[in-house]
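Engineer: Residue-level listing of the chains:
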Amino acid sequence: MKILVCMKQVPQKDAPLKLNESSTWVREDVSYEVNEPDAYALEEALRQKEKHSGEVVVITSGPVRAQQVLREALAKGADRAIHLEDNAFVGLDAFNTAKAFAAAIKDEKFDLIFTGLQSDDYGYAQTGVILAELLGWPHATIIMQIEKTDGGIKVKRELEAGYFQFVDMPLPAVLTIQSGINKLRYATLIGIKQAKNKPLRKVTLAEVQSSIGPNMQKIERLYIPQKTKNTEVLEGPPAEIAKKLVEKLRNEVRVI
Amino acid sequence: MADTILVVVEQREGKLNRVSWETLAAGQALAAETGWTLEAAVVGSDTSTLAAEVAAKKVTKVYAVQSPKLEPYTPDSFSAALKQFITSKQPKLVLMPHTYQVRDFVPSLATAMGRTVISDCIGYKKEGSKLLFTRQMFQGKLAADVSCSCDAPWFVTFQNGAFRGDKVEAGASVAPVETVNVEIADGIVRNKPQEVFKEAKQAVDLTQAEIIVAVGRGIKEQKNIEIAKQLAEALGGEIAASRPICDSGWLPMDRQIGSSGQTVAPKLYLALGISGAIQHIVGMKGARTIIAVNKDSEAPIFEIADFAVVGNLFDVVPPLIEEVKKAKAGT
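Chains A and B, in that order, give the protein sequences.
Going left to right, the first sequence walks through residues 0 to 255 as numbering that gives the first Met the number 0 numbers them.
Going left to right, the second sequence walks through residues 0 to 330 as numbering that gives the first Met the number 0 numbers them.
Keep in mind that the hints were calculated from the coordinates and are not lab data.
Quick reminder that beta carbons are idealized off the backbone N, C-alpha and C, glycines included.
Mixed in with the good hints, there may be bad ones.
Stated by the list, open to error - The following residues of chain B were derived to be distant from chain A, with all beta-carbon distances above 10 Å:
no. : residue
1   : D2
2   : S66
3   : P67
4   : G127
5   : E177
6   : A184
7   : P192
8   : I303
9   : D314
Unchecked claim - With a straight-line cut-off of 27 Å between C-alpha atoms, the simulated DSSO-like cross-links for lysine-lysine are:
no. : chain 1 : residue 1 : chain 2 : residue 2
10  : A       : K217      : B       : K124
11  : B       : K222      : A       : K242
12  : B       : K197      : A       : K147
13  : A       : K17       : A       : K228
14  : A       : K147      : A       : K1
15  : B       : K222      : A       : K12
16  : B       : K197      : A       : K182
Claimed, not checked - If you want the ones that stay clear, here's a sample from chain A, every Cβ over 12 Å from chain B, calculated:
no. : residue
17  : E20
18  : D28
19  : S52
20  : G53
21  : P62
22  : A87
23  : K98
24  : A102
25  : A103
26  : R184
27  : Y185
28  : T187
29  : I189
30  : A194
31  : A205
So here's chain B without its partners, still in its complex pose:
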């Protein structure tokens, strides 16, 4: 039997999330390079509609892995269901998006199968017969090429934005969908999740902003937020922040950019004193132009910046506010 790549996609409220399509695109690229067969699985209580949606893409087969116990999500049910399914199919490679949900169950699943997960990868390389997966380390300051030194199946998760979801190829014909009903015994699921909710109605929709001025730890003190606000105002943009600033209560939570906050793609993202931890970058790397001001020349934010200013933001921002005001006044 030919080697198989299995992509496990993720749904929320009956829709596949964007990063699932990205992971499918990664699977298609890997299949093209290795010559392996690409299959996909949708996991839930009733996943036939979503499975049909995936089947329109260039995949050999789609499995609708189902059990009433898979709704709502629990790590115990997902781990148990996928262990049964993957053990019976024995794929060579299992790909999943690196979402909060996958992070919650995939280490259990791999451990239960005596395997490992190369998590949060941003790409892959094929060197001879060896597959290497690239992941960020030290908060993005370094990158590592990592290989699996155990038997297959190899589990790999891909970071949000690592591949282009809109590049998923459609299939020449619709792939067959097979429903796989998994048995999850009583007592397997120990956690009792309640409804998912939003803390407060988000007052600010930063996704609509064309210009965002964002501050990070480099702003040092709450009172210093003021100069960033002045710059945002001068530019006609919104103020935003990385997680530590909102954790400290210096700006409200609905101003937070990153994996736990909002994901934005403005025309201009001006990052002040933001080092560029992975969790922040995934929320803003889609910006058309990124300007970064940071005193640490090795800050990962500079990896994705179009314009870099290595220096103290307190020296640069005040004259910048004046210049912007002058330019806007047409002088």
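For reference, chain A alone in the conformation it holds in the complex:
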């Protein structure tokens, strides 16, 4: 099986975010990490390859810093990487990101494309599904298990409120992967060494420019959300906070 994994670099979970001057995005000077569901998507691709042999290719878009995500993936066992390298990719909407990916892989022949189910920054939860539509492939979302069958694959979809569903589908297909589908591996020292010699193809904005258009949706402004609740902040040493909390629980919340 030849599997493409779409990965994204996002600001670290606990990183304090600062707005840029036009309040349309965050400033670049934060620490980044791999988008969590994408890490699970990569792990699943590596496990599928170990079972059925084949190739795992990772792709991302973004400035130079985003290459770190690809390097880590190569160190964990991906065979090669594709980097759509330009700052401009950060501002693309899901439709254009999917268009750019489709253009970058037009000469490849994958059996499966995995994405994480959504990103921690935009949170669209759309890029994978749009990519499937652009390629004319079937898709399934929020996947918790993948088995190869005679005619294609059988996947386990997570539904809401603890429900699941198995779906049989043909290949090639796009799947969006849920966090927790597997246990993540760490890169080994030998893997990190080998990653340095693995192929990494760079794609410039110019190469895919003709495939993408103006964004169809626009972030007019980004801001810190207005509080909907009057939050009372309790301060002091822990023992004092504990006393204050119990007083609230007794007199205001009335659960003691």
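Assemble the complex: chain A is given as a structure, and chain B must be docked to it using the hints.
Structural biologist: Coordinates of chain B only, in the frame set by chain A:
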């Protein structure tokens, strides 16, 4: 022809889900503000009963969009059916609830129509003639006002709990229902879904709990769950967790709160080391009182907390257990 807002409601097992009513309420609010006409559509193999239920609400018209191929749900059939229907009706705005099912097909549908979806919105603003939709970004740390810069129809999905479903206005008279039979050719539907099932019988019904002590990533290690359990026990409540804790196997899956777990509305929700990712918040924001303990002062959980403790949970929880015990003992 007047501009139209179309709300596509969602059913499961012959019942409309709660968030469908919320989206209908959003549609009514938007219709009142824009002066546009509000219509609704129910999609399935036989949706006449549900369409009649929606027709009792304040809407101009309800469509029962039908085909035998729409049962069971597949993204291919829903996308094909709605593409036909929406292309023929040309509404200005199409609203849907941001459910797992809608997430599964609406990006295909919009792409097939050369349009975009503003997904998972929590509200809207009308500024002059411009409609902006508010959505959370960076896991709820920031919010964005987003506009569509393409031609209509504009697709928007609303987050669970963004509007009040019980505020849906009833109609002065029953709206007309029109049945629209859509043709879905053989070969369009590629996926073969099996029956929906539950993994294991849920042993714990957290929806009945009055007090919930929930832990998140901030608990750091499995052995630390113990102090949260002790606090839950002292308070007479249930222990619960955010998704990563259950994924790690530190607590069983039936203790998970959030979109993929249980949705609760207890008297007290005490969140320990939970950052408050959107998927968790939608499962607990209905709690009457929320107390959050987190060392990150910018954690989104504080946006919805009634009482906030910015600090290390390992410093705060042990004395809290003692104080609760003392208070309960009446000393």
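Engineer: Now, for every hint given, state plainly whether the structure supports it.
Structural biologist: Here is what the structure says about each hint:
no. : hint            : in the structure
1   : D2              : 19 Å, holds
2   : S66             : 18 Å, holds
3   : P67             : 19 Å, holds
4   : G127            : 12 Å, holds
5   : E177            : 28 Å, holds
6   : A184            : 15 Å, holds
7   : P192            : 5 Å, violated
8   : I303            : 6 Å, violated
9   : D314            : 4 Å, violated
10  : A:K217 / B:K124 : 14 Å, holds
11  : B:K222 / A:K242 : 26 Å, holds
12  : B:K197 / A:K147 : 23 Å, holds
13  : A:K17 / A:K228  : 23 Å, holds
14  : A:K147 / A:K1   : 13 Å, holds
15  : B:K222 / A:K12  : 23 Å, holds
16  : B:K197 / A:K182 : 22 Å, holds
17  : E20             : 15 Å, holds
18  : D28             : 15 Å, holds
19  : S52             : 25 Å, holds
20  : G53             : 22 Å, holds
21  : P62             : 18 Å, holds
22  : A87             : 17 Å, holds
23  : K98             : 10 Å, violated
24  : A102            : 15 Å, holds
25  : A103            : 18 Å, holds
26  : R184            : 15 Å, holds
27  : Y185            : 15 Å, holds
28  : T187            : 22 Å, holds
29  : I189            : 27 Å, holds
30  : A194            : 27 Å, holds
31  : A205            : 23 Å, holds
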